[in-house]
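Work out the full structure, taking the sequences as your base and the hints as a guide.
6 protein chains.
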Amino acid sequence: MSKKIGLFPGSFDPFTKGHEAVVRKSLALFDEVIIGVGVNTSKKYMFDLKKRMEHISALFVDQKTISVRQFQTLTVNFCAEIGASHIIRGLRDSKDFQYEKSIAHMNFDISGIETVFFLTDQKYSAINSSIIREIKKNNGPIDSFVTKPELLF
Amino acid sequence: MSKKIGLFPGSFDPFTKGHEAVVRKSLALFDEVIIGVGVNTSKKYMFDLKKRMEHISALFVDQKTISVRQFQTLTVNFCAEIGASHIIRGLRDSKDFQYEKSIAHMNFDISGIETVFFLTDQKYSAINSSIIREIKKNNGPIDSFVTKPELLF
Amino acid sequence: MSKKIGLFPGSFDPFTKGHEAVVRKSLALFDEVIIGVGVNTSKKYMFDLKKRMEHISALFVDQKTISVRQFQTLTVNFCAEIGASHIIRGLRDSKDFQYEKSIAHMNFDISGIETVFFLTDQKYSAINSSIIREIKKNNGPIDSFVTKPELLF
Amino acid sequence: MSKKIGLFPGSFDPFTKGHEAVVRKSLALFDEVIIGVGVNTSKKYMFDLKKRMEHISALFVDQKTISVRQFQTLTVNFCAEIGASHIIRGLRDSKDFQYEKSIAHMNFDISGIETVFFLTDQKYSAINSSIIREIKKNNGPIDSFVTKPELLF
Amino acid sequence: MSKKIGLFPGSFDPFTKGHEAVVRKSLALFDEVIIGVGVNTSKKYMFDLKKRMEHISALFVDQKTISVRQFQTLTVNFCAEIGASHIIRGLRDSKDFQYEKSIAHMNFDISGIETVFFLTDQKYSAINSSIIREIKKNNGPIDSFVTKPELLF
Amino acid sequence: MSKKIGLFPGSFDPFTKGHEAVVRKSLALFDEVIIGVGVNTSKKYMFDLKKRMEHISALFVDQKTISVRQFQTLTVNFCAEIGASHIIRGLRDSKDFQYEKSIAHMNFDISGIETVFFLTDQKYSAINSSIIREIKKNNGPIDSFVTKPELLF
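Top to bottom, those sequences are chains A, C, Z, U, G and X. Taking this note's numbering as reference, the numbering of the first sequence is continuous, increasing by one, and the terminal residue is 291. Taking this note's numbering as reference, the numbering of the second sequence is continuous, increasing by one, and the terminal residue is 291. Taking this note's numbering as reference, the numbering of the third sequence is continuous, increasing by one, and the terminal residue is 291. Taking this note's numbering as reference, the numbering of the fourth sequence is continuous, increasing by one, and the terminal residue is 291. Taking this note's numbering as reference, the numbering of the fifth sequence is continuous, increasing by one, and the terminal residue is 291. Taking this note's numbering as reference, the numbering of the sixth sequence is continuous, increasing by one, and the terminal residue is 291.
Among the hints, a few may not be true.
Treat identical chains as interchangeable: a pair holds within one or across any two.
Lysine to aspartate or glutamate pairs mimicking DMTMM-like chemistry, simulated, CA-CA at most 25 Å apart [claimed, not checked]:
id	residue 1	residue 2
1	K275	E252
2	K142	E158
3	K141	E170
4	K275	E238
5	K261	E238
6	K261	E272
7	K275	E219
8	K163	E192
9	K142	D259
10	K189	D281
11	K286	D247
12	K141	E252
For the record, the hints were derived by calculation from the structure and aren't laboratory data. The model shown is predicted, which means the values in this text are computed figures rather than measured ones.
Next up, the structure:
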């Protein structure tokens, strides 16, 4: 078999312990995992793009098979560009599932690229980036949901 | 029985193959089906209203019992205006269902108008207008999800 | 258009106020509605088949366009036998929906027969036959969930 | 046991009959219930904050154990401030549940405060504030969903 | 207020760490919690009734406000018998929720007794009695899901 | 990396086109895929175990990296026995997901073995073995849901 490359795409605003666990799990099935930070120019982010990328890179600094890239096109186009055969996603609950299922079928329909899913760890299953942003906005503590949050500021 | 008229309401930004299939199914139960393009002045649409209406009309040009209208009031008020006894909706998944159920009960509570549901074809079950807009924004291909997309531009 | 016949199939052990409301709603779209009591010889029922059929017939004694029939074959085969173009089903919640969706797609795949769905009235949305059987087994009151329950005994 | 205080938080734009029923149910388990109107300065509300609070107060004018307060911090911080041991929430359907579950686990994780859930009455299960705002925007009637709606204007 | 009594009913075949956590949470809102082991003569259990009750009692031996009782009638009848104003239930996921919602509405409809819900701890959210029975049947280890499992044999 | 082995477990009564598609997808990520036919002596199957295994083997006769095995222990024990690092499962809808999530977390808790999920193809998303058995029992056609069904008899 040729080298297996998987893309883990998202806006990661911020990158949570849940995301982190999914990436670590995916290493067992892929030779290389690329974390793709999607940039949507019409969307506003709480955390600076450069900071977000540095933060993610710092978390996986010892993992030679993980890299962090930004992209500003359709996810499946970026897969083609980097040679990824699969999109990697985490699933927390059935709301997640419904949404992910639509996107995954659509991606397959337009490109033939499959999505592979891992379960988010139970202890992280309540974490999502938008709740973390809400806590941050209210000056609440986010360190139980994000590793090394100080790198984001 | 008097003439049975059904309203298929939506913003149709754009009108997908999934929508199209639901309308075709509904013809078996209604003498007349009106496709109502809802206009919400505070919402921004990707596709021009006039283009959206022409596109839908073109798809059903041979169906004398289907017509396309725009409306800018409560859906149930528009039903009363056009003499529709039922609202017609398609269901793809359980997320759809939860949302549609709330709206349908609410519509019944304020007007006594019932909603009747058809299943979206499995092959179109991943299609929704917002994903199509996202693909379009990134210059991806939308022709597997919309019939005659060229009419929208 | 030719006469529109719809089949409302189930085991109806017993036939609830929720079922009753769905049948009444379906009358607005069908010229004739047949309530089909499915008989599965390997299943055990709490209520006697003859009693169940008499009970349902009594509820609609004044509706000339409703009839009650038993059947012991695939639902879609029975549709073909009675000339029904559609299967009629009620939806209460998203658990219902998931199940009904599978069955409806399967029925369409093997026969081309469509299923049309109505929402169960909110006030009956907690009612289902198995809970009613449980109450009955414990000698609890079932008259708020079944019209004329005395006909079942 | 010491005095049991529960917080029922929300934006209540507007406060519906569904909210009202949940508060009345919660009185059986709490010595004092505080209805907390959350204020998010970056969000736009349809109904004026002062009006919303007066409306809610008027509905419970005879209940000495209910009070209405506004807050502009994390919900769990407000709990600490008012001495509430529990957050009170209503559940309508499984979409609600998924969302509420995430928030409740997050609140517990950062503060140890538990959430207790009541079911929304079936007859109010289609009501939610955003649908009511939509009806209002289109000049539809909202009095079947809100008690004393005239107090909101 | 008079003494608040809550019933936590189930078959508890066996009583899991998830059940245990819900009971402990409910103590904050009830003066007395009765764990009711429902006995259905037509159902087969893996664990002996007497063992199940001794096991549960042993877990709460230091809690004077918790007791264990068996019952063989409708849950709401047992509530009346023991003076419980509320049924207590835990919620793990949206499948649980759909089921619990039906039962709770039904119970309220026939008796006026409310159900109050707590979330199952995230770390126990995958545990349910039927999976544990499956593991046991295959001689797998159950001690991470049940406290003091040796008491069940 | 060492050889990656995945287990696709099930009762496969019968093995459907949906199962087949999941196995084919999993080949892209695993060096070897073992289809494990679980045998539960207290369960009754419609199709003979030997026939089921021959049927599955015949479908993949040209795939050297796929083999079919039966097992009669906990799934995770069988993984240990065959050296599988992952359990492979297909997901059709959110009902599937809820169930699979519980099992997967449980399996991880007792063994550390991860589960990886693929989406069932949309065109097979209504297929499941129990509906196929129902059709078969009523002498309906199953060839659109099972490849080479004649091998099962």
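Quiz item: Which holds for K286 with D247 at a C-alpha limit of 25 Å: within a copy, between copies, both or neither?
Solution: Only across copies: K286 and D247 sit 18 Å apart there, 38 Å inside one copy, limit 25 Å.
Exercise. If the cutoff is 25 Å on CA atoms, where do K275 and E252 land: within, between, both or neither? Let me know, please.
Key: Answer is between: at 22 Å across copies they meet the 25 Å cutoff, but 36 Å inside does not.
Quiz item: Is it within a copy, between copies, both, or neither that the alpha carbon of K261 lies no farther than 25 Å from that of E272?
Solution: both (20 Å within a copy, 24 Å between copies)
Quiz item: Between copies, within a copy, both or neither: which fits K189 and D281 at Cα up to 25 Å?
Solution: Within one copy only: 16 Å inside, 38 Å across.
Practice problem: At 25 Å max between alpha carbons, let me know whether K142 reaches D259 within a copy, between copies, both or neither. | Solution: Result: close both inside a copy and across copies, 24 Å intra and 22 Å inter.
Quiz item: At most 25 Å between C-alpha atoms: does K261 with E238 qualify within a copy, between copies, both, or neither?
Solution: both (21 Å within a copy, 16 Å between copies)
Quiz item: Is it within a copy, between copies, both, or neither that the alpha carbon of K163 lies no farther than 25 Å from that of E192?
Solution: Classified as within: same-chain Cα gap 21 Å, cross-chain 34 Å, threshold 25 Å.
Quiz item: Under a CA distance limit of 25 Å, which applies to K142 and E158: within one copy, between copies, both, or neither?
Solution: For K142 and E158, the Cα distance is within 25 Å both inside one copy (20 Å) and across copies (22 Å).
Quiz prompt | Within, between, both or neither: K141, E170 at alpha-carbon 25 Å | solution = Answer is both; intra-copy 8 Å and inter-copy 16 Å each pass.
Self-check item: K141 and E252: within-copy, between-copy, both or neither at 25 Å Cα
Solution: both (16 Å within a copy, 22 Å between copies)
Quiz prompt | Intra- versus inter-copy proximity for E219 and K275 (alpha-carbon distance at most 25 Å) | solution = between (36 Å within a copy, 19 Å between copies)
Quiz item: Is the C-alpha distance from K275 to E238 at most 25 Å within one copy, between copies, in both cases, or in neither?
Solution: For K275 and E238, only the inter-copy Cα distance (20 Å) is at most 25 Å; the intra-copy one is 27 Å.
In summary, this structure violates none of the numbered hints.
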